[in-house]
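S.K.: Chain residues, written in single-letter form:
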Amino acid sequence: MTLLHMLMPLMVVLSSLIPGLIIFTLREDQIELRTLLNLSGVFIKMALVITMLIGVSQGYSYEFRLPFLPNADLTLRGDALSLQFVTLSSILWMATTIYAIGYLEGSPLRSRFFGYFSLCVSATVGLALAGNLVTFLLFYELLTLATFPLVVHRGTKAALRAGRIYLAYTLAGGTLVLLGVVLLHDIAGSPEFTIGGYLTVFETEHSASLTLAFALLIAGLGVKAALFPVHGWLPRAMVAPAPVSALLHAVAVVKAGAFGIVRVVYDVFGVDLVQNLNLMPPLLWLAAFTIIFGSVMALRQTELKKRLAYSTVSQVSYITLGVALLGPIAAIGAIAHLVHQGLMKVTLFFCAGNFAETLHVHRIQDMNGIGKRMPYTMAAFTVGALGMMGAPPIAGFITKWHLGLGALEVGQAWVLLVLVGSGLLNALYFLPLIYRGWFGLPPKAWPEDTGLGGGSPGWRETHWMLLLPTLFTAVVSILVGVLAGTSISPLAWAKLVVDLEFSL
Amino acid sequence: MNWALLSLALPLLSAFWVLLVRRAVSETILFATLVSLTAALAAFYQVQSDPVQTLLLGDWTLPLAIRFELTSLNALLMVLTATIHFLVGLYNRFSRHGSGRYSDYWPLSAVLHSALVALWLSRDLFNWYVTLELLTLVAVALVTLSGPKAYRAALGYLVLSLIASLFYLLGVALLYGEYGVLDLDRLSALAVDSANTRLALLLMVLGLMLKAALWPLYLWLPDAHANAPTAVSALLSALVVKGPLFILWLTLTQIAPVEFAQQLGLIFALFGSVALLSGAWSALRTPYLKTLVAYSTVAQLGYALITLGLLLRWQTPELATALWLFVIAHALAKVSAFLAAGEMQATFGSKELIAVRGASQSMPLAMFAFAVAGGSLIGLPPSGGFLAKWILLQPLFAEPAHWPWALAILLGTLASAAYVFRVVALAFDRYDVETELPQTDALAQWLSLLPALVVWGLALISQPLMLWLSTGANP
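Those protein sequence lines, which keep their order, are chains C and U. Residue numbers for the first sequence follow our numbering, so the first one is 145 and each next one is one higher. Residue numbers for the second sequence follow our numbering, so the first one is 428 and each next one is one higher.
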């Protein structure tokens with residue numbers, strides 16, 4: 145392994161960390177320099193990630209190590225699964241950074257915002273690249289810390305309340321993960337994540353401890369993955385600015401939780417051990433219940449962002465569901481959904497932000513006829529919403545298809561009912577929005593038309609930095625569905641991961 | 428050993444010098460501290476090749492001589508003491524809110540420095556008594572530097588400390604009467620399990636607990652630490668309470684009969700758990716910023732007490748690594764927290780917690796320092812606080828019977844997170860805050876950030892650090 149191969153994962157983390165730290169020291173009015181730093185970080189990271197993707201697909205491995213604790217080095221490693229998440233974060237970070245620059249134009253404390261924003265992404269890619277549980281834990285906690293200032297960025301009473309709740313949930317979750325990690329470390333040390341898990345040999349001797357550790361880890365990770373009943377922070381955190389919501393819901397936080405569950409089940413415990421310890425049914429039921437519960441709650445919301453937030457609660461649990469089914473086809477669905485949900489949800493939050501920033505439309509009842517004023521944004525919204533329902537050929541359909549097949553494969557046909565039910569509920573809460581947007585009668589006056597970008601429908605319907613990322617992610621959501629069969633799609637990569645995990 | 432003696436003597440000599448000359452006071456002391464730090468580093472380097480170095484003062488032989496012993500643990504503690512004195516001295520010299528270039532802070536802090544180094548090096552019960560007395564008197568004098576408002580707190584501190592000294596001395600006298608020696612190793616070889624030994628140790632334990640402000644004997648601490656000048660609060664919380672803890676650890680592991688130590692250990696561990704929660708609870712309730720930080724010391728000493736207790740209970744010397752990691756991590760983090768809190772209090776002109784509203788905007792560096800230090804107090808990875816907690820948690824998970832202790836640690840973690848973020852969240856509240864920003868002092872804020880960065884940087888040297896502590900603690 146050459147030096148470059150060793151340093152690559154570290155450089156991916158540093159490519160956003162260093163610009164972020166420099167941004168903290170900038171004055172508010174150094175806009176060009178800040179933008180330059182932001183964008184150079186984005187593009188350097190993209191270049192590094194693409195290099196690693198090519199490398200891994202050719203069979204190279206990337207690993208960086210630093211001694212830290214006894215039997216637990218700090219390890220950053222690029223394998224197939226971690227790169228799936230890293231790629232997603234990097235692409236969405238790019239879109240979200242551009243969006244945030246446009247969104248926050250002229251508002252105070254931008255250096256602080258972008259500083260923490262970069263830290264947040266650094267923590268996310270660190271967590272994705274983490275080679276063992278201790279490293280994962282480290283970045284998991286850093287992610288909590290880096291996100292908090294963003295959630296409370298507006299500094300209002302509501303923002304602070306949301307921030308405190310966010311902290312209470314995530315720090316408690318982090319402590320549970322810590323206990324789980326220590327417990328496993330006591331049994332087996334903290335070796336690297338291993339395909340098929342590294343705990344199988346301890347099954348007979350330590351089954352009670354292993355079960356407890358699994359429960360601790362899933363409970364702790366479930367907080368960030370917004371599993372019922374520890375999902376409460378997510379809907380409340382929607383008071384944060386739209387780019388932060390995008391970060392929470394698609395790029396970083398809930399994904400970190402879901403990704404952690406994937407890692408724990410596949411690479412720490414291993415499918416066989418989870419099966420033998422009979423840990424699958426509770427997780428499966430919990431995921432299934434959260435899917436339905438999130439959908440029902442979403443239906444009851446009158447505010448757009450809140451509806452989207454509960455929709456996330458439901459959609460992220462698809463990933464957990466796919467993992468809990470413990471079959472290869474469902475696993476493909478789960479890992480692909482990690483990407484698909486991110487793309488679609490980020491699109492939806494961008495759209496909600498566009499409506500709010502341009503016309504001050506926050507509530508669903510104000511959305512009537514908004515498609516005539518902002519056709520492109522509404523088109524993107526439609527793509528995202530249809531994708532969430534699972535309409536072909538958008539990304540979401542691919543996931544549901546594999547989850548359904550996977551459920552049949554392992555003989556859990558009832559899961560199909562959950563999928564269909566959730567699809568119906570999704571339709572119930574998204575179709576009215578689409579109908580209102582396109583066919584509703586526009587009001588005489590919008591709540592407050594800020595005239596961003598020029599104010600005429602079409603390319604000038606809002607600030608270009610808000611519109612462009614929205615359209616970009618919407619188009620990508622369609623592309624990953626249409627091109628699912630090709631070798632460059634997230635689905636193909638998910639198959640690669642699963643082939644390794646299930647040694648097919 | 429000569430380097431260690433130099434590190435010990437220099438601050439003391441410089442204190443006498445400035446008392447005589449009364450010129451360039453702060454400069455002299457700062458310079459002496461820096462040289463003392465260098466000497467401590469040299470001693471630390473030396474001890475790597477020769478793990479245990481002994482010196483008999485004045486060339487007498489035991490039992491008459493006073494014995495000094497240098498291990499990698501106390502060499503590290505000497506480095507820590509000198510580093511913190513130097514940093515805090517810089518703050519006191521250059522901050523607009525420091526005590527001034529000619530104040531009595533300088534000679535007093537230098538004496539404090541020497542007394543601490545003497546305490547780390549001594550292995551003799553009576554010599555420890557002398558260093559403890561010196562430490563207390565100087566500390567009380569330092570507290571009074573903030574003027575008449577601190578007199579009451581200082582008086583309370585003085586009275587309780589003198590009572591504590593009496594207890595300790597009584598215990599020492601009993602042991603001397605019983606065995607006729609004061610040297611730790613000699614006592615360790617001679618001591619038997621008798622009623623007198625137990626009584627003597629109990630008296631010493633009470634005195635030391637009172638001096639170290641270990642729960643439930645902590646009541647003097649919040650007042651004294653909160654009312655002292657900022658630089659002094661930092662020294663007191665970071666270093667002074669750790670001195671008696673050091674003696675407590677050595678006497679109980681070396682002299683105490685095993686059965687007695689185990690009984691005490693259980694009580695310590697229980698008290699420690701209570702301290703974690705009750706200290707945090709008080710920190711959550713107090714309306715004053717520096718009092719909050721002071722209560723955090725009470726809570727954090729709970730970790731040390733649990734660790735010491737379990738070490739005695741299970742007779743596992745390995746836990747000493749965790750104990751001293753806690754001490755080092757807490758010392759660094761607490762210096763940051765106190766300097767940041769004091770700087771904010773002075774800048775905003777109010778000691779109320781509510782004054783830090785919006786501080787993330789007006790004093791971002793100080794607030795950042797507080798938050799980073801807080802991260803280590805909570806024990807977030809990879810900070811020094813986390814390292815200590817990690818080592819402590821390992822044996823707790825080895826057997827299901829020990830799991831309740833892990834629960835106490837978990838609750839303590841959450842409780843410390845609650846009071847740290849009580850401050851941090853308030854700092855992000857920028858609704859309704861006056862737009863006119865106060866004049867801030869960048870250098871002072873950077874100085875407050877430095878130790879917090881060091882405590883997180885410990886992650887980079889975690890493996891050698893653990894090695895030094897374990898070899899130093901179990902020679």
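The set of hints was computed from the structure by calculation and includes no laboratory data. Just to be clear, a hint being listed does not mean it is correct.
[To be verified] Chain C stretches covered by chain U per the calculated footprint, using a threshold of three residues with CB under 8 angstroms from any CB of chain U:
#1 210–216
#2 270–277
#3 284–294
#4 566–573
Note that the structure is predicted; figures quoted are calculated from it, not measured. Don't be surprised by glycine CBs; every beta carbon is placed ideally from N, CA and C.
S.K.: None of the hints should be skipped; say for each whether it holds.
M.R.: Hints, verified against the model:
Under the rule that three or more residues need a Cβ within less than 8 angstroms of chain U, the assignment of the region 210–216 of chain C holds, with 5 such residues. Check result for the region 270–277 of chain C against chain U: violated, 0 residues qualifying (beta carbon to beta carbon below 8 angstroms, three or more required). Check on the region 284–294 of chain C: 5 of its residues sit with their Cβ under 8 angstroms from a Cβ of chain U, so the three-residue criterion for coverage holds. Residues of the region 566–573 of chain C with a Cβ under 8 angstroms from some Cβ of chain U number 0, which does not satisfy the need for three, so the listed coverage is violated.
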